[in-house]
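Participant: Each chain is listed here by its residues.
4 protein chains.
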Amino acid sequence: MKETRICILGGGGRLWPIQFMKDLAFNPATKGRVVLYDIDYKAAQNNVEVGNRIMSLNKSGDRFVVEANDHLKTALSGSDIVIISIEPGKTEARYADLILPEKYGILQSVGDTTGPGGIIRARRALPIFFEFGRLIKEHCPEAWVINYTNPMTLCTAALYKVFPEIKALGCCHEVFHTQNYLAKRVGEWFDIDTPDRREIKIDLCGVNHFTFATSAYYKGEELLFRLKEEVKDSKTFPDLTEVALKRLKEEKWFECDQKIALSFLKEFGVLGAAGDRHLVEFVPYYLDSDETLHRYGVIRTPYAWRERVAQEKRNKSYEDKELIAERSDEEGVDIMSALLGDFVMVTNINRPNEGQISYLPLGRIVESNGVISENSIRPIIASDPPMSVQTMIRRVSDVQELTLEAIYNNDDEALFEAFISDPLMTLNLKDARGLFEQMIEESDKRM
Amino acid sequence: MKETRICILGGGGRLWPIQFMKDLAFNPATKGRVVLYDIDYKAAQNNVEVGNRIMSLNKSGDRFVVEANDHLKTALSGSDIVIISIEPGKTEARYADLILPEKYGILQSVGDTTGPGGIIRARRALPIFFEFGRLIKEHCPEAWVINYTNPMTLCTAALYKVFPEIKALGCCHEVFHTQNYLAKRVGEWFDIDTPDRREIKIDLCGVNHFTFATSAYYKGEELLFRLKEEVKDSKTFPDLTEVALKRLKEEKWFECDQKIALSFLKEFGVLGAAGDRHLVEFVPYYLDSDETLHRYGVIRTPYAWRERVAQEKRNKSYEDKELIAERSDEEGVDIMSALLGDFVMVTNINRPNEGQISYLPLGRIVESNGVISENSIRPIIASDPPMSVQTMIRRVSDVQELTLEAIYNNDDEALFEAFISDPLMTLNLKDARGLFEQMIEESDKRM
Amino acid sequence: MKETRICILGGGGRLWPIQFMKDLAFNPATKGRVVLYDIDYKAAQNNVEVGNRIMSLNKSGDRFVVEANDHLKTALSGSDIVIISIEPGKTEARYADLILPEKYGILQSVGDTTGPGGIIRARRALPIFFEFGRLIKEHCPEAWVINYTNPMTLCTAALYKVFPEIKALGCCHEVFHTQNYLAKRVGEWFDIDTPDRREIKIDLCGVNHFTFATSAYYKGEELLFRLKEEVKDSKTFPDLTEVALKRLKEEKWFECDQKIALSFLKEFGVLGAAGDRHLVEFVPYYLDSDETLHRYGVIRTPYAWRERVAQEKRNKSYEDKELIAERSDEEGVDIMSALLGDFVMVTNINRPNEGQISYLPLGRIVESNGVISENSIRPIIASDPPMSVQTMIRRVSDVQELTLEAIYNNDDEALFEAFISDPLMTLNLKDARGLFEQMIEESDKRM
Amino acid sequence: MKETRICILGGGGRLWPIQFMKDLAFNPATKGRVVLYDIDYKAAQNNVEVGNRIMSLNKSGDRFVVEANDHLKTALSGSDIVIISIEPGKTEARYADLILPEKYGILQSVGDTTGPGGIIRARRALPIFFEFGRLIKEHCPEAWVINYTNPMTLCTAALYKVFPEIKALGCCHEVFHTQNYLAKRVGEWFDIDTPDRREIKIDLCGVNHFTFATSAYYKGEELLFRLKEEVKDSKTFPDLTEVALKRLKEEKWFECDQKIALSFLKEFGVLGAAGDRHLVEFVPYYLDSDETLHRYGVIRTPYAWRERVAQEKRNKSYEDKELIAERSDEEGVDIMSALLGDFVMVTNINRPNEGQISYLPLGRIVESNGVISENSIRPIIASDPPMSVQTMIRRVSDVQELTLEAIYNNDDEALFEAFISDPLMTLNLKDARGLFEQMIEESDKRM
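Residue numbers (the working numbering), protein chains in the order written: chain L, 1 to 447; chain H, 1 to 447; chain P, 1 to 447; chain B, 1 to 447.
Check each hint, because a few of them may be wrong.
Computed list of lysine-lysine pairs in DSBU-like fashion (alpha-carbon distance at most 35 Å, straight line) [unchecked claim]:
#  : chain 1 : residue 1 : chain 2 : residue 2
1  : H       : 103       : H       : 228
2  : L       : 313       : L       : 445
3  : L       : 219       : P       : 228
4  : P       : 59        : L       : 2
5  : H       : 228       : L       : 161
6  : P       : 252       : B       : 430
7  : P       : 219       : L       : 2
8  : B       : 266       : B       : 313
9  : H       : 59        : B       : 430
10 : B       : 90        : P       : 228
Since the hints were made in silico from the structure, they are not lab data.
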């Protein structure tokens, strides 16, 4: 068992750092030091305390030292693993991402990955990641870097832009939800206990949050074949407006019934492999109105709630039972173990395209399966989806590339080209220009 | 001078066949036989009479025999050159293409190339071209085939689909208009007589009707550089609503001021190289409303006018002065001469991609410059436009490929995938499905 | 546990069929029926007896029925797995492959994969594989097909040529030897027991018998780094002529010390990952004379021995102890189990290129790692070797493609183009033509 | 008519500078200044005198000023056109290129482009071209650069390596010889006067000195078809040993009968489009012995003659009649005129691959047809030769790339990888290493 130095950027956060430390506590094959860095140093210090409670409660205090560090360079220096999970700018800046487009008739359910909101959020986030990449190159070039921050694809791409040899990947749990959905259906179909999601083997392709399963297996049974039969039946797509309104009332933003994922299967022959609220943002078919969206049971997460919750999280204190580690659905610690040589692991990862996605240029950050083993991640070539889906993915990836280049060159004129190329943008040029300028102004103001 | 057998499919038409015969009469280096074929045999016979008058009036009666032929196979048999310029289905079928989308809020200015109208028109046209391709393979496989029919890209692609070795190209005069515009500007800038459009050298890329100039030269002077300065000035884009309304009243559908072409130059750095009424149909920025469109001086050609004019053309009789040949702007006869070995010619052509458009798959029908000489057309590699433009072109080409495959396989479900992938389609799936089914029904009814 | 029907083509052989049945007997997770087909029906019948003894001796008689079948179509019909391990033509035909080139000064150590011998052997083998492919398409299109026959790449390619949707792969144990060599070295370096070869993780690329390791790991330790230090030392390359002569005398054709594999590491930076006797045949550096070859401890397997041993094998009878199953180094049965959904397996496979080898055209049969799971083989993208090695691999693959096309088209003129393009061919055209014609004549005579 | 500043690097030479000035004198559409630079300043000064005589004798004194300049930077500064034609190192250094390989049994007929001689010559030449490229970037980045120096491909590639935006091309007259040969044959076949070579249209592909015609036309007549019939007849390939020996005696090194070019047509289906003495150096089929070579009428240019002639040229004085300008076969001045906007020209050029050669990576310097017009060179896509020829070209280009990278990185170990990858190298590694080290030593000594 090797001593591992893990640096968490955004270490003051109340979500990923704590989950990650619980997973470390749960996995007895790890040991070393956790260094928490955050621009809010006090938040990082608070998490040291939480981290120590986690280690202690889970009898792992001898395995991990947790500490905060106020200097980015020394925090990174000598790290074996760097975890990045940050909020780029204040939560208030998301007003620009979400409320302004709505005024022009552009609805977004999440607004952090794609669409006008995703692009302006990227404009706040990427300069931070360019800086991270440069410092990693200088202070821990051999470290494996795991990014959780959205826009995932662009933030990961930003690291590679400034340090092409970086050993980085993006991790996202959206595909796990698809596996969980299929596991549940397997339970129903075969009248067995719901299997673990890891037993559902998906052949995956796309870019983060806009991914598709071209096949799915459980113990030799092909599962999409069954779903394809179901989606032919109009009963699979009842009007879920009532469900949506109930969810709206109960603030259950993240719940979904995979009706969008299944709608893709019906129209294009491949199953959407991300949450419905993400999938709808990459095409013009679902967000023309809340009425259309609600028919699929999907609701939009409002800015007001985000603002309120961000406030609540900052003040949250943890009870012991919240800090007890158990087998979680997150894979960060597993990936870390695999990279250190403990085992070989096949899972979905966001990585530069080496050919795993045949219809995208090399170098683009794409999501597909990969094999993780000793100090090595090798992509597995994804099966091709139908050409209509390739076209959609290609377009999304192209807009991402335009966005990356524009922000890298600090060129808002070029960024406007990306902005109007986004699938959600159907405004005429005058309105598009008006929206773009307002969003930039508000985003800058609230940064 | 070789005897050349030229077969004109759609030989009863009142536009291309007559212009083409005038061009033959004008070019003294040609001789042979013109065979007119049309599903309306009487129209072809009428054009024999017109053709004979043309030859006689232009003292070319000894060079060309003009005849009609009622059998497609014998008309094609032994041809050296095949010209295709047909109307796929009755003009009345265009009701489906144009009026129905409008009811769903989708405006189209031409509706014969792209958008829902272009796709449904392709559904009428392509089966005819599959048949043409098969018969050419059988009866005159060595003939050079020049297509003028819209949707140009798809009709030409259909020929290659069934006969990959066919020696076919698509010809279109839209780029000539751009050359004429630039020639006029050259006259103004340098205070000289407007030069011949052929003296304006354009580096061209794209797909038919959605083409772009990445550079333009007149005698060593780069011209886009000057235009780029102009488009920075807001005076280049005055509100042309009054002009548009006047054009509407005077039925001047084809007039334009290149404001859309220039708008592309402003936003994306390359000059649109087709008429504004075509360019607007490939992006969502100009057709959100007639108000937006009119601001650029562009108006939509209405279905009612098309219907009326089609009727008038059928009954038209020609005066002698209309049949006198002079140097025209069309290049069909020049291309024919070059292929027969008379000279080497560089011009814009629609051909399968062999790499001339680096960002499109091989085999797609693309428009760019080519060198035409003895029995040979070789593409010239086009310079790359900015990535934002590459993305737009790629998307349009992908939708064309989806359309081709769906129609080839007679698969309306697959055609619906193409339909909803088109840049003009921003309906939700329910509305899109409704429109699609109505258009097919009306198109079939009026075929 | 599923009932599996396994058809073995070349089921009368005395090597693979027997080993395969022993492996089936050893793996308790399999059951079903083994159908032996051979053009020598009697040999197949003899192996039924041997197979029954294997099942009985290993207490697996209740799991597998073994039978012979004299009709290729019924043998294949309904199979889940097809194993192919045949001798294309009589052993005597190898006279043409081995002796004739020697007369022209072209030495070959094996002569069944590449070089003039490999090409002429392919000319005997491929027509048989075209027939196999066509029959599999007709009688068991869903079967997984595992080929062991040389020339491996070309025989596997022949199956895909006639049936592109075939689910076939080529298996070869040469890489296992490289793993065993590294495992032995690991034992020495770390002073531990020699680990199992499966614990050595190799990143692999190339075409069968001409493969290279770009990295190798054991529990997080990179191994090539150590070897690169060693090859800098001239002591790593002593003159092994004496060793070679001893091997020659003792008929130890297959023994080697990896000096050729290490010589590639020295000159080109990547470790050869096949036996030395194979590696030397793809480049001109080692076979200019036996003297050069012997310096590396490598000897050539003579035709006379092959002829004698073939005779002996035919008459061989088995003792019980030879038929007792134990964990073997062959992976055929493991792969079969993985394809049936028992587990996920990463190993080296020969498969059509989907991009796993970035510098070879798609569709070529290449060797690299792949992930095998339920009814699915997905290639893992191999890391690129230095460009000098890419060039060598590309050339070999190109010659294979030329050979495949020529034999498919039954075109000996085209085959001569392949013949003179082979790395071992340095004759002038007159001599090359003479050799080619003699080899064909002899090969045909002894077929 | 624009004032043009032309800088000739190697301006003291006795071949290209003088021919080029004669061509300038002949073409009345040019005017400006010729600046001669040479490391041998005196030689440049001598050529100023010759240049002035040329201008005066051809009544062009008012159009061109000729001057010598002893400083590379000021010579380049402000140039519109840069011509490069230098000898890299002393002629004596060619001893290393030519004599040493012969001692190891490697025969070369020219030894300046490929083979061990070409590689070691490149090692002398490329550092000079890296310097030229850097200075052009600094002092005349907009200039068009025309290179005539061998190894042509590598010297041109070196310019792009250090200045990727350079506007450079390589010019070579070997293809003109092929056109002249075909023109002569056209005269025979059609019983007409030999037409001008420019009337022979060749579709060309390859890398410099290893180029192939896939088709050739004269006024609509395909010419390769006729030659293909001829090469089937063994009378087309008589034993030309006597001819070769006569040439040897008469020192007619450059004469040939295109028998090698035709031998490629016979074996591979495409006509070699360079002189036989160049073509033989890229494959192992002709240089195994002088006997083989002589059978085709080809002889090797000896080092001794080169040494003697170099000396003679230095001391040469010109008679008036040698300086009278007439229409020459060289195209440098024509290309210059076309780039200045005088006309559009289609000819063979050496340029970075933008896709004109489909089977080579982008960026490699390749030879094919291009369109030259106002400040623009656009490649024409070459038709593909058979795959066997693609493989040969690919291999040669790969070795060139390896050579370029190795010399750029000043890495002789990497250069050895290139050296042993060359088609002419069939030595074992020990001998190869010995030859390599001796050649480097001698080349360095005589540099």
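Participant: Please verify whether residue 90 of chain B and residue 228 of chain P have alpha carbons no more than 35 Å apart.
Facilitator: Violated, because 39 Å separates the two Cα atoms, which is more than 35 Å.
Participant: Could you grab the alpha-carbon distance between residue 59 of chain P and residue 2 of chain L and see if it respects the 35 Å cut-off?
Facilitator: The hint is violated at about 45 Å.
Participant: Compare the distance between the alpha carbons of residue 313 of chain L and residue 445 of chain L with 35 Å, and conclude whether the hinted pair is satisfied.
Facilitator: holds (23 Å)
Participant: Verify the proposed pairing of residue 219 of chain L with residue 228 of chain P, using a straight-line Cα cut of 35 Å.
Facilitator: violated (43 Å)
Participant: Just to be careful, I want the Cα atoms of residue 59 of chain H and residue 430 of chain B compared with a cutoff of 35 Å; is the pair within it?
Facilitator: Between residue 59 of chain H and residue 430 of chain B the Cα gap is close to 81 Å, so the pair fails against 35 Å, i.e. violated.
Participant: Below or equal to 35 Å on CA atoms is what counts here, so check residue 219 of chain P against residue 2 of chain L.
Facilitator: holds (11 Å)
Participant: Is the hinted pair residue 228 of chain H and residue 161 of chain L satisfied, with a Cα-Cα distance of at most 35 Å?
Facilitator: Given that 35 Å is the threshold and the Cα spacing comes to 30 Å, the pair holds.
Participant: Is it true that the CA of residue 252 of chain P sits at most 35 Å from the CA of residue 430 of chain B?
Facilitator: holds (26 Å)
Participant: Hint check: residue 103 of chain H vs residue 228 of chain H, CA-CA at most 35 Å. Holds or violated?
Facilitator: Given that 35 Å is the threshold and the Cα spacing comes to 38 Å, the pair is violated.
Participant: Between residue 266 of chain B and residue 313 of chain B, is the straight-line Cα distance small enough, at 35 Å or below?
Facilitator: Distance of about 39 Å is beyond 35 Å: violated.
Checked against the numbered hints above, the structure breaks hints 1, 3, 4, 8, 9 and 10 and satisfies the rest.
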